[in-house]
Amino acid sequence: MQKIILASGISKKFGVTQALKDISFDVNEGEIFGFIGPDGAGKTTLFRIITTLLLPDEGEIKVLGLDAVAGFKELRKNIGYMPGRFSLYQDLTVEENLNFYATVFGTTVKENYDLISDIYSHIEPFKSRLAGKLSGGMKQKLALSCALIHKPKLLVLDEPTTGVDAVSRSEFWDMLKKLKQHNITILVSTPYMDEAMRCNKVALIQNGQLLSIDDPDKIKGGFSRKLFSARAPEKYRLINALREYPGTLSAYPFGDSVHITFRDDEFDDSLYEHLKKAGIENATISESEAGIEDRFLELMNKGTMA
Amino acid sequence: MIKNAVITVKNLVKKFGSFTANDNLNFEVFEGEIFGFLGANGAGKTTALRILSGLSSPTSGEVIVAGYNAKKDPEKIKKNIGYMCQKFSLYDDLTIRENIMLYGGIYGMSKTLIKQRTEDLLEKLSFQEYGDRMISDLPLGLKQKLAFSVAVFHEPKIVFLDEPTGGVDPITRRQFWEMIYETADRGITVFVTTHYMDEAEYCDRISIMSEGRIVALDTPEALKKQYEAKSVEEVFIKIARPK
Chain C
1 MQKIILASGI
11 SKKFGVTQAL
21 KDISFDVNEG
31 EIFGFIGPDG
41 AGKTTLFRII
51 TTLLLPDEGE
61 IKVLGLDAVA
71 GFKELRKNIG
81 YMPGRFSLYQ
91 DLTVEENLNF
101 YATVFGTTVK
111 ENYDLISDIY
121 SHIEPFKSRL
131 AGKLSGGMKQ
141 KLALSCALIH
151 KPKLLVLDEP
161 TTGVDAVSRS
171 EFWDMLKKLK
181 QHNITILVST
191 PYMDEAMRCN
201 KVALIQNGQL
211 LSIDDPDKIK
221 GGFSRKLFSA
231 RAPEKYRLIN
241 ALREYPGTLS
251 AYPFGDSVHI
261 TFRDDEFDDS
271 LYEHLKKAGI
281 ENATISESEA
291 GIEDRFLELM
301 NKGTMA
Chain U
1 MIKNAVITVK
11 NLVKKFGSFT
21 ANDNLNFEVF
31 EGEIFGFLGA
41 NGAGKTTALR
51 ILSGLSSPTS
61 GEVIVAGYNA
71 KKDPEKIKKN
81 IGYMCQKFSL
91 YDDLTIRENI
101 MLYGGIYGMS
111 KTLIKQRTED
121 LLEKLSFQEY
131 GDRMISDLPL
141 GLKQKLAFSV
151 AVFHEPKIVF
161 LDEPTGGVDP
171 ITRRQFWEMI
181 YETADRGITV
191 FVTTHYMDEA
201 EYCDRISIMS
211 EGRIVALDTP
221 EALKKQYEAK
231 SVEEVFIKIA
241 RPK
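Going down the list, the protein sequences come from chains C and U. Position one of the first sequence corresponds to residue 1 (the numbering used here), numbered consecutively onward. Position one of the second sequence corresponds to residue 1 (the numbering used here), numbered consecutively onward.
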């Protein structure tokens with residue numbers, strides 16, 4: 001089985017900024033491969049290189065068996081790309097946009113309609129509406145339909161769920177999962193750590209460098225210490241009090257609890273005493289399972305912690 | 001202890017032609033609260049936020065923010081609030097100090113006060129050497145933390161944050177929220193919208209909008225109990241989906 005993407009030693013600089021440094025990875029056919037990292041990590045730059053829109057300074061990249069630099073013409077016919085910001089024509093209707101994309105790729109909407117029907121059916125009732133007047137969630141569905149209309153072998157989605165609410169995000173990922181049945185390989189980037197768990201493989205990226213590439217469960221499992229969760233009604237006071245406790249290594253807010261690691265991977269009753277002195281009477285602390293975000297924080301801190 | 005309401009909304013309606021963006025909203029926000037304003041895209045959050053911050057006028061209903069009526073005195077509201085949004089916050093081609101001076105001046109602060117608070121702020125954020133750097137040089141996370149500090153620089157009664165942590169790395173996101181906690185501790189009310197459901201858990205109370213109406217308003221714990229959910233995300237998915 002051929003590798004859909006084979007990247008080796010990719011580097012890219014913009015002026016003095018090292019956007020990408022020595023990036024190597026590969027993607028198998030039919031995988032959902034996620035790049036997870038914050039703004040400025042290099043995700044968009046990397047995706048532009050993969051979709052032949054940007055040249056790397058160093059390194060080699062093969063997409064669908066072709067060199068991304070020399071074979072760009074052929075590649076562009078076989079990649080579907082959904083960039084970060086809404087890229088469609090705001091002053092064309094939904095239907096006009098879709099027809100336009102189909103025509104540009106030398107096909108018709110009818111030919112590959114079965115591929116997008118699940119997605120497009122949500123917006124078909126609005127097909128005469130101008131794309132610029134659609135809500136964020138609908139724009140997303142239209143952009144995805146247009147990226148798929150020519151039945152590409154590789155779908156590249158750059159932060160498709162940024163700025164979108166939790167309901168639409170969840171629906172979007174359900175749609176992506178269905179695409180796997182058509183054996184389309186999906187490369188996706190996101191700043192949302194929880195979305196990493198919905199990928200087959202994940203690359204954590206920060207400041208142009210890869211922190212980890214693996215199965216998301218394995219990345220989660222790589223967390224090197226015991227993780228504990230603390231809860232108390234006085235959230236802010238709890239975080240501060242935990243940080244002041246000498247045995248604490250790290251304490252981060254995580255929704256309704258605080259995730260803690262201890263220098264000796266354990267704590268005793270002195271912690272409860274310490275919290276009581278800070279006015280926190282009813283704290284509960286228990287061991288808990290590390291998530292992918294805990295591991296990301298750990299990897300991010302590796303450079304700075306003693 | 002009875003808490004003062006810094007925002008009072010009674011029967012707020014906002015229409016654009018025949019489309020009702022805000023359909024009879026009623027809620028209050030209290031002093032020193034961290035209030036999370038959630039909702040699906042297109043639910044009417046931005047419309048309501050613009051009215052609360054004096055940028056838009058209600059079609060009908062009463063809206064009082066920081067003691068001023070949104071229909072009669074929107075300019076007075078603007079003077080007494082702080083505002084930060086994700087898309088634009090500080091001027092890229094000005095330095096940190098210049099941005100702070102600009103905002104301080106706009107809010108009518110004296111030069112002495114601006115100078116003093118600027119140095120305090122730079123020290124607090126450990127930015128002392130960066131004071132004369134351009135905003136465009138800073139990474140996003142730092143920009144956002146700075147933008148927030150500038151939004152509360154004039155110590156307003158209430159600060160509005162519109163998706164302040166979008167795309168920011170997970171460490172900075174948490175540091176940002178700790179800045180929010182500390183601000184609320186000082187008695188400044190924080191009104192925040194976000195798409196990160198874990199951030200909703202940091203709020204004292206949250207409201208969820210759907211199709212122009214408020215469909216839930218309570219503490220995160222109470223809502224989770226009411227909807228038998230383990231997280232605010234679950235509550236959101238249960239009730240915020242448009243029909």
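Calculated directly from the structure, the hints in this document are not laboratory data. Just to be clear, a hint being listed does not mean it is correct.
Facing chain U, a subset of chain C residues (Cβ under 7 Å, in silico) [said to hold, decoys possible]:
1. G40
2. Y113
3. G132
4. G136
5. G137
6. V167
7. P191
8. E234
9. Y236
10. P253
11. Y272
12. L297
13. E298
14. M300
Heads up, the beta-carbon is just placed ideally off N, CA and C, and yes, glycines get one too.
TODO: Hints the structure violates: just list their numbers, smallest first.
DONE: Checked against the structure, the hints that fail are numbers 2, 3, 8, 11 and 13, while the rest are satisfied.
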